[in-house]
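If you use the working numbering, the sequence shown corresponds to residues 1 to 73, in order.
These are calculated hints, taken from the structure and not from any lab test. Beta carbons: idealized from backbone N, C-alpha and C, even for Gly. Take these hints with a grain of salt, some might be off.
As the list claims (entries may be wrong) - Below 16 Å or equal to it, Euclidean Cα-Cα: the simulated EDC-like pairs (lysine to aspartate or glutamate) are:
(1) K73 to E11
(2) K19 to D69
(3) K73 to D30
(4) K72 to E54
(5) K72 to E11
As the list claims (entries may be wrong) - Distance ranges between label pairs, derived from CB positions:
(6) K43 to D64: 18 to 26 Å
(7) Q18 to N62: 35 to 43 Å
(8) M24 to D69: 17 to 25 Å
(9) S59 to N20: 34 to 42 Å
(10) R25 to R55: 18 to 26 Å
(11) A63 to Q18: 33 to 41 Å
(12) I21 to S59: 33 to 41 Å
(13) N4 to R25: 14 to 22 Å
(14) A14 to Q65: 30 to 38 Å
(15) S59 to N5: 35 to 43 Å
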Amino acid sequence: MMANNSPPRPEVIALFQQKNILRMRLYAPDEAALQALGGTNIKLSLDVPNRDLERIAASQGNADQWFQDDVKK
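Full structure from sequences and hints, please.
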């Protein structure tokens, strides 16, 4: 469950940049966070949600499709 009092993703990314934090981890694709990260030099570790693991592991095509649908939007 996500907190409902979290700052907007662009503010978090701006804070990372201001503090020269160069790495971030997301536990699932988050469109707003991914958009805010665009054009930054922040390196991202992105987890695959458990519900998607079996499907993604089944083939490279499934992994590519997951990336297109959930990450690259």
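Going through the hints against the structure:
Simply put, K73 and E11 have alpha-carbon atoms about 21 Å apart, too far for the 16 Å limit, and the pair is violated. The suggested pairing of K19 with D69 is violated, with an alpha-carbon distance near 31 Å, which exceeds 16 Å. Using a Cα cut-off of 16 Å, the hinted pair K73 and D30 holds, with the two alpha carbons roughly 10 Å apart. As the CA atoms of K72 and E54 are separated by approximately 20 Å, the hinted pair breaks the 16 Å bound.
At roughly 21 Å between alpha-carbon atoms, K72 and E11 are farther apart than 16 Å, so this suggested pair is violated. The hint said 18 to 26 Å for the Cβ distance between K43 and D64, and at roughly 21 Å that hint holds. For Q18 paired with N62, a C-beta distance near 38 Å keeps the hint of 35 to 43 Å intact. A hinted range of 17 to 25 Å holds for the C-beta pair M24 and D69, which are about 21 Å apart.
At about 39 Å, the CB distance of S59 to N20 agrees with the hint of 34 to 42 Å. As the Cβ distance of R25 to R55 is approximately 22 Å, the hint placing it in 18 to 26 Å holds. About 34 Å separates the C-beta atoms of A63 and Q18, a value consistent with the hinted range of 33 to 41 Å. Checked against the hint of 33 to 41 Å, the C-beta distance between I21 and S59 comes to roughly 35 Å, which is consistent with it.
Checked against the given bound of 14 to 22 Å, the beta carbons of N4 and R25, roughly 21 Å apart, stay inside it. Under the hint 30 to 38 Å, the C-beta atoms of A14 and Q65, about 32 Å apart, fit the expected range. At about 40 Å, the beta-carbon gap between S59 and N5 stays in the expected band of 35 to 43 Å.
In the structure shown, a violation is registered for the earlier hints numbered 1, 2, 4 and 5, in ascending order.
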